[in-house]
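Protein sequence lines correspond, in order, to chains A and B.
If you read the first sequence in this note's numbering, its first letter stands for residue 1, the second for the next number, and so on.
If you read the second sequence in this note's numbering, its first letter stands for residue 1, the second for the next number, and so on.
One or more hints might be untrue.
[Claimed, not checked] Some, not all, of what chain B presents toward chain A, calculated at C-beta under 7 Å:
#1 K47
#2 V50
#3 L51
[Claimed, not checked] Mimicking DSS-like on lysine-lysine, the simulated pairs with C-alpha atoms at most 25 Å apart in a straight line are:
#4 K90(B) / K112(B)
#5 K159(A) / K99(A)
#6 K9(A) / K47(B)
#7 K109(B) / K9(A)
#8 K47(B) / K109(B)
#9 K9(A) / K159(A)
#10 K151(A) / K99(A)
#11 K159(A) / K87(A)
#12 K7(A) / K47(B)
These are calculated hints, taken from the structure and not from any lab test.
Note that the Cβ used here is the ideal one computed from N, Cα and C, for glycine as well.
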Amino acid sequence: MAETTGKIKRHWMVHYVDAAEPGSPTPNYVRLGDDLEELSVEMNANIETTRNILGGVSTRLDSYEPQASVDPYYAEVGSPLHTRLQKIVDERQTLDDLKTTVVEVHLWDEEASGTYVAYKEDAIIEVASYGGDTTGYQIPFNIHYIGNRVKGTFDVSTKTFTPDA
Amino acid sequence: MNIIEVVKQILTDCPLVQDLSGSINIDYTEDSPVSFGLYPTGDQLLKEDVLGNQDRRHNFVLYAVFQSFTDYDRLANSTFLLNLAYYLEKAVTGQEIEVTINNETVSGKLTKLSSANGMLYGYQDNTLSGPVTYQIQIYADYYIESEGL
Chain A
1 MAETTGKIKR HWMVHYVDAA EPGSPTPNYV RLGDDLEELS VEMNANIETT
51 RNILGGVSTR LDSYEPQASV DPYYAEVGSP LHTRLQKIVD ERQTLDDLKT
101 TVVEVHLWDE EASGTYVAYK EDAIIEVASY GGDTTGYQIP FNIHYIGNRV
151 KGTFDVSTKT FTPDA
Chain B
1 MNIIEVVKQI LTDCPLVQDL SGSINIDYTE DSPVSFGLYP TGDQLLKEDV
51 LGNQDRRHNF VLYAVFQSFT DYDRLANSTF LLNLAYYLEK AVTGQEIEVT
101 INNETVSGKL TKLSSANGML YGYQDNTLSG PVTYQIQIYA DYYIESEGL
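Same shape as in the complex, but just chain B (with noise of 0.2 Å):
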């Protein structure tokens, strides 16, 4: 799996996750709630060892399509992301990963996960107490072995 397979597959197996929908689409959200959508925003080498060893990093959005009407939704919805940040922190457990460069597979293991600005992202119909869009940044730090000899 590539690295954004793997992150997928921990989100979809997050008990919070689970609990509210099961599924997590890539780069699409449903209108309706409760839908999730993980966007993958890019990657960045961060460094790279002598060996040619390197540190990445791949960057995610994602976004949750809640519910809205009271205060205690919002509340639950801020706290959702709340948890899932503590989870993501925990969740890494050394997950292997396939980088296909240049026809050539190296493997890799993911090593971080982190996440910032988690937040209400939009409204829909422009309006709070219809379904409101939030976001959450995710980043995934993994690591790549070189060629090898």
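Chain A extracted, bound-state conformation (with noise of 0.2 Å):
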């Protein structure tokens, strides 16, 4: 790993998804990113704002809906990512069998050989569409954050997240 000072480069924020299936006892992480010029996600935040009788204005930011967009995604030949989505796509999987874990790793914040803060969240995969045109099999999707936001470490080579005690 590259000394961290400075502005962060942007692959140091790395985006993880779980390509297992929903219910498997080991995570299957696969890191987001290739082809991906732009990931960004979005916070959505819930925000409402009041004009009282004072003439002031009362904001009240209540809640997220993390939700990010992977596009494009180019399915690959013996991805467990690309075999995920393509069972949602052909089983038009809903509701629970659509349910993974994703894990955000700073990798700027290293704290062991390997180890890095991170965050692990619920989420849910939503294919947006399949096909795509001559460059190759597109299978955008996007991914909604539900909660469940706990913090710990990740570590890199071996990719599994412990949650802190």
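Put the complex together from the two separate chains, hints included.
Spelled out as structure tokens, the structure:
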């Protein structure tokens, strides 16, 4: 890992998604980012603004509905994420079949050698479309973060998340 | 092999080239037909993904010295360029590439070959009946992986 000083490079903020089937005893984290020139988690904050009788403004932010769009995603034979997405497409999966977890890893914040501060959260995979143009078979998808956010550490070599005690 | 070596190898292995010459020079063509010279003309970054992987393009010009006595010769020459363009589109099989940046070697692969502007470029001795030079621009798109973790 390069020395982390100054501005943080984009690839040091790493997004993993669990490509294992729901209910699988061991997660299978796949790093997102191939072919993506941009990947942003939109926070979608719920904000209520009211004007009171004194002429002031009262603003209340009470929740978030984070969401990320992974587009393009080029399907790759043998990739566990492709297998998962293809099953969603083929079986028109809904509800709990779409559940997964995502991990955000802060590569600039090393706890031990190869282990970094990370946050895990439950999520839903929404396949937006499939097919695409002549550049290759694409399955762009959205990730909806649904809470249960846990702080911990992530070992990038074993791809395992360990929640803080 | 770097991108220049890979493209030179693909052209050298091309049956169209082998039938005529069998060899590709770099930045050099001989005066007498048939001779091929591959001239690299620069490299550019096309895009970079959030992992730091890069899509890059290396540009080349292939010069070919051919005979040009008759229309039949010139038709054969232009047909060669046309067939070479078709060949290049199908020649990519994920050839491995090595890129060394700041003493660090990363791997990559060739993703696409395309071409444009295949045409008569110039005469020698100011006559069309002597050897003439054709050119075709070749674009080699390739992908290199980031430093990794």
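Run the distance test for K151(A) versus K99(A): straight-line Cα separation, threshold 25 Å.
With a Cα-Cα distance of about 19 Å, the restraint between K151(A) and K99(A) holds, given a limit of 25 Å.
Keeping to a limit of 25 Å between CA atoms, is the pair of K47(B) and K109(B) held or broken?
This hinted pair holds, its Cα atoms lying about 15 Å apart.
Measuring from the C-beta of L51(B) to each C-beta in chain A, is the shortest one below 7 Å?
Holds, because the Cβ-Cβ distance from L51(B) to chain A comes to roughly 4 Å (cut-off 7 Å).
Pair hint outcome, K109(B) versus K9(A) [Cα-Cα no greater than 25 Å]
24 Å, holds
Return the status of the interface hint for V50(B): holds when the least beta-carbon distance to chain A is below 7 Å, violated otherwise.
Holds, because the Cβ-Cβ distance from V50(B) to chain A comes to roughly 4 Å (cut-off 7 Å).
25 Å limit on alpha-carbon distance, applied to hinted pair K9(A) and K47(B)
16 Å, holds
Can you confirm whether the C-alpha distance between K159(A) and K99(A) stays at or below 25 Å?
19 Å, holds
K47(B) as chain A interface residue, shortest Cβ-Cβ below 7 Å
5 Å, holds
Holds or violated: K7(A) and K47(B), Cα atoms, limit 25 Å.
20 Å, holds
Tell me if the straight-line CA distance from K159(A) to K87(A) falls inside 25 Å.
Holds: K159(A) and K87(A) sit about 23 Å apart, inside 25 Å.
Holds or violated: K90(B) and K112(B), Cα atoms, limit 25 Å.
9 Å, holds
Is K9(A) close enough to K159(A), meaning Cα to Cα at most 25 Å?
21 Å, holds
When each numbered hint is compared with the structure, no violation occurs for any of them.
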